[in-house]
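The lines below spell out each chain.
2 protein chains.
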Amino acid sequence: MLKISSGNVCTPLGFRANGIHCGIRKNQSKRDLTLIVSDVPCTAAAVYTQNRVKGAPLLVTRDHLKDGRAQAVIVNSGNANTCNADGVEVAERMTEITAAQLGLKPEDVCVSSTGVIGKPLDITPIVNGLPSLIAGLARDQEHGEYASQGILTTDTRMKQIAVEFTVGGKTCHIGAIAKGSGMIHPNLATMLVFITTDCAITSEMLQKALSHDVQKTFNMTSVDGDTSTNDHVLLLANGLAGNEPITSEGPDFTAFMEALNTVTIHLCRMIAGDGEGATKMLECRVVGAKTDKDARIAAKAVITSSLVKTAMFGADANWGRVLCAIGYSGADVDVNKVELSFESKAGVIPVCVDGAGIPFSEDIAKKVLLEPEINILIDLHDGEGKATAWGCDLTYDYVKINGDYRT
Amino acid sequence: MLKISSGNVCTPLGFRANGIHCGIRKNQSKRDLTLIVSDVPCTAAAVYTQNRVKGAPLLVTRDHLKDGRAQAVIVNSGNANTCNADGVEVAERMTEITAAQLGLKPEDVCVSSTGVIGKPLDITPIVNGLPSLIAGLARDQEHGEYASQGILTTDTRMKQIAVEFTVGGKTCHIGAIAKGSGMIHPNLATMLVFITTDCAITSEMLQKALSHDVQKTFNMTSVDGDTSTNDHVLLLANGLAGNEPITSEGPDFTAFMEALNTVTIHLCRMIAGDGEGATKMLECRVVGAKTDKDARIAAKAVITSSLVKTAMFGADANWGRVLCAIGYSGADVDVNKVELSFESKAGVIPVCVDGAGIPFSEDIAKKVLLEPEINILIDLHDGEGKATAWGCDLTYDYVKINGDYRT
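Protein chains in written order, with this note's numbering: chain A, 18 to 424; chain B, 18 to 424.
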């Protein structure tokens with residue numbers, strides 16, 4: 018029913034995009050300015066970082082989305098426009114000049130920035146680059162990829178995906194681009210996600226879908242446990258698929274949620290796998306918890322433990338660290354019931370039953386853990402709660418990327 | 018009034034100690050069995066890891082301390098005796114054989130282990146080594162150092178300290194040894210602290226002093242955010258100083274608390290500075306918080322942030338990461354009032370005022386941050402709350418130590 022493709026924000030009907038180098042980043046081969054525009058007005062939903070320090074663009078976008086509607090988003094990389102005295106002013110100005118040239122109201126333009134913080138953002142390169150950015154807007158895979166490239170910093174690869182699904186007999190699409198954890202200058206890792214859909218859905222149901230989804234997806238993803246000041250996920254729905262608009266819960270909403278969840282889980286895996294310096298993607302699946310919440314707390318503790326992350330880097334089946342993380346997580350677990358296995362394409366190896374170690378082959382364990390995608394499988398044997406979390410290993414390169422002098 | 022010395026657990030009157038290599042660790046040049054004994058019964062207090070997974074020795078020690086009294090502690094390194102089916106049985110046996118040869122009751126012997134978890138602890142080398150361990154007990158600096166060495170794993174240096182103070186006209190001493198974060202095989206970092214004193218004090222007041230103290234000292238120290246299964250602090254008081262026993266709060270208790278706090282803060286700095294792979298000790302001092310609790314939450318978030326830790330490794334004045342950590346810490350702060358400076362022996366450099374960056378010399382900042390001890394000074398300008406936390410940088414060697422194969 019649900020078809021996954023390598024599309025992006027241009028896959029849904031009526032969305033054009035582009036990305037160019039305008040000069041915020043020094044490296045001229047790197048795009049640093051992205052624009053996504055819908056041909057018609059969209060309902061819009063967003064979730065923002067819970068950090069008390071919020072980037073100025075987030076404050077502006079939040080304000081512009083008060084009416085649940087938007088039609089375009091302008092994004093720059095290379096400077097987060099955060100902790101600057103004139104931040105909000107510059108972010109507002111970005112929406113104003115973009116709106117003027119697109120024939121929109123500033124309130125229908127969202128704005129987003131990622132990069133170094135505490136450095137004033139010079140708007141000149143944006144002003145100069147905007148005409149060619151807009152002139153180059155197109156609805157095809159290539160221009161969606163330009164947009165995808167324009168929001169990256171030191172990400173090593175683009176993160177994009179699209180799905181096709183059916184609502185009320187009409188074919189609908191969701192497309193997305195994301196940036197994960199990387200930076201020009203070592204700085205705050207930022208997660209930005211832009212999702213488009215041609216499915217017709219009210220802004221209330223769109224926000225409901227997104228808010229519900231992120232609890233089980235982006236909020237369960239961690240590279241280094243530091244919550245950025247600029248993280249956000251923006252979802253635009255322009256209704257061009259022609260389906261009867263989704264206005265309440267029911268089979269249509271369920272179909273939309275399923276499609277959205279497919280997109281976001283793929284993005285989480287891509288973001289985790291391309292975490293700063295990462296060589297491995299880690300997926301921790303907890304089942305048998307007292308509640309889903311306990312499962313989430315335990316899974317997230319495992320995935321964020323520096324000791325688990327370094328062990329995975331070393332392909333070391335050091336299961337005691339996983340048990341330790343479960344123990345200190347705060348989840349309500351009976352540690353004497355915990356069952357634990359490591360799994361990858363190379364096989365599965367059980368290492369702990371009833372909270373105590375069992376004999377296992379270190380050779381087989383090493384083979385399992387040398388794969389680039391590792392599943393940490395935990396059964397708490399204490400109920401029906403379950404959760405999945407995504408992360409990555411902690412490597413020399415993480416230290417290198419973040420320990421280098423900015424100068 | 019209060020004199021600090023380089024003494025250890027043998028500095029207070031009536032405490033003998035020793036440490037030998039008995040064969041738990043493969044490296045014969047490393048001591049792996051430690052014994053501390055008081056000539057007379059002691060009041061005793063302890064605090065234990067909050068991890069739900071608790072090492073078997075902790076369970077036994079907790080049981081033996083129910084009456085608030087103890088006279089000896091036997092400690093091995095090289096194996097944590099945790100997550101083993103026969104763990105409690107082995108730990109009990111360790112106290113029994115030690116008690117028998119010392120002429121004590123097993124209930125007056127505490128037991129502690131650190132090292133790899135999930136690997137059964139063979140008691141044979143301990144049985145064989147115990148007679149010579151006991152025969153070599155002595156009350157001098159050298160034997161206290163043997164004891165100090167016997168509890169280390171990959172710590173790069175001993176951690177010991179003593180202080181002299183006065184209670185009711187009598188000279189009293191507190192001495193301590195500690196192990197921080199290191200391991201033979203990459204495994205759980207464990208913190209063990211053994212403190213002796215000849216001050217006369219009831220077990221109730223001793224526990225009160227210790228429980229109060231650890232909130233502001235050991236609980237404010239972090240190497241990698243992972244809470245071990247075996248952490249604990251044990252405090253023995255034998256009363257041989259001859260002071261009128263401390264039975265309630267008052268000037269005597271205050272003097273004891275001050276002496277204890279001097280010891281524990283020194284140990285925290287030593288443990289943080291010798292964190293796994295660390296090249297720098299970090300001290301984060303928060304003032305001007307709404308409450309002490311807010312200050313503690315903020316200080317601890319800064320000291321545990323991977324991004325702050327890597328920046329300090331790189332001597333990079335990337336203050337935005339400090340602000341970011343304060344922002345996501347959960348502390349009740351007004352981010353627009355935050356003032357931030359970095360300080361070391363090389364000087365002090367203010368980098369942020371009113372939550373926004375101020376111009377500063379990168380050259381001077383680098384000089385300040387190249388020192389081995391860095392203070393991160395934060396004024397929240399929002400009240401009278403304050404707290405200090407200790408940590409270390411995150412380095413290539415941390416990844417190396419913890420990412421190596423166990424095999």
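For the record, the hints were derived by calculation from the structure and aren't laboratory data. Here a beta-carbon is modelled for each residue, glycine too, at the ideal position from N, C-alpha and C. Please note: incorrect hints may appear among the correct ones.
Taking CB as the label site, the calculated pair distances span [said to hold, decoys possible]:
(1) N145/A / V365/B: 46 to 52 Å
(2) K20/A / I381/B: 55 to 61 Å
(3) R302/A / E159/B: 33 to 39 Å
(4) D103/A / I381/B: 55 to 61 Å
(5) D103/A / D414/B: 52 to 58 Å
(6) D56/B / Q67/A: 45 to 51 Å
(7) E379/B / T271/A: 50 to 56 Å
(8) N44/A / D371/B: 47 to 53 Å
(9) R302/A / S149/B: 49 to 55 Å
Going through the hints against the structure:
1. N145/A / V365/B: 46 to 52 Å: Because 41 Å falls outside the window, the suggested range is violated.
2. K20/A / I381/B: 55 to 61 Å: holds (58 Å)
3. R302/A / E159/B: 33 to 39 Å: Once the Cβ atoms are compared, 53 Å apart, the range 33 to 39 Å for E159/B and R302/A is violated.
4. D103/A / I381/B: 55 to 61 Å: violated (26 Å)
5. D103/A / D414/B: 52 to 58 Å: violated (42 Å)
6. D56/B / Q67/A: 45 to 51 Å: violated (56 Å)
7. E379/B / T271/A: 50 to 56 Å: Roughly 55 Å apart at Cβ, these two residues keep to the hinted range, so it holds.
8. N44/A / D371/B: 47 to 53 Å: Because 33 Å falls outside the window, the suggested range is violated.
9. R302/A / S149/B: 49 to 55 Å: Given a distance of about 50 Å, which is inside 49 to 55 Å, the answer is holds.
This entry does not satisfy hints 1, 3, 4, 5, 6 and 8, going by the numbered hints stated previously.
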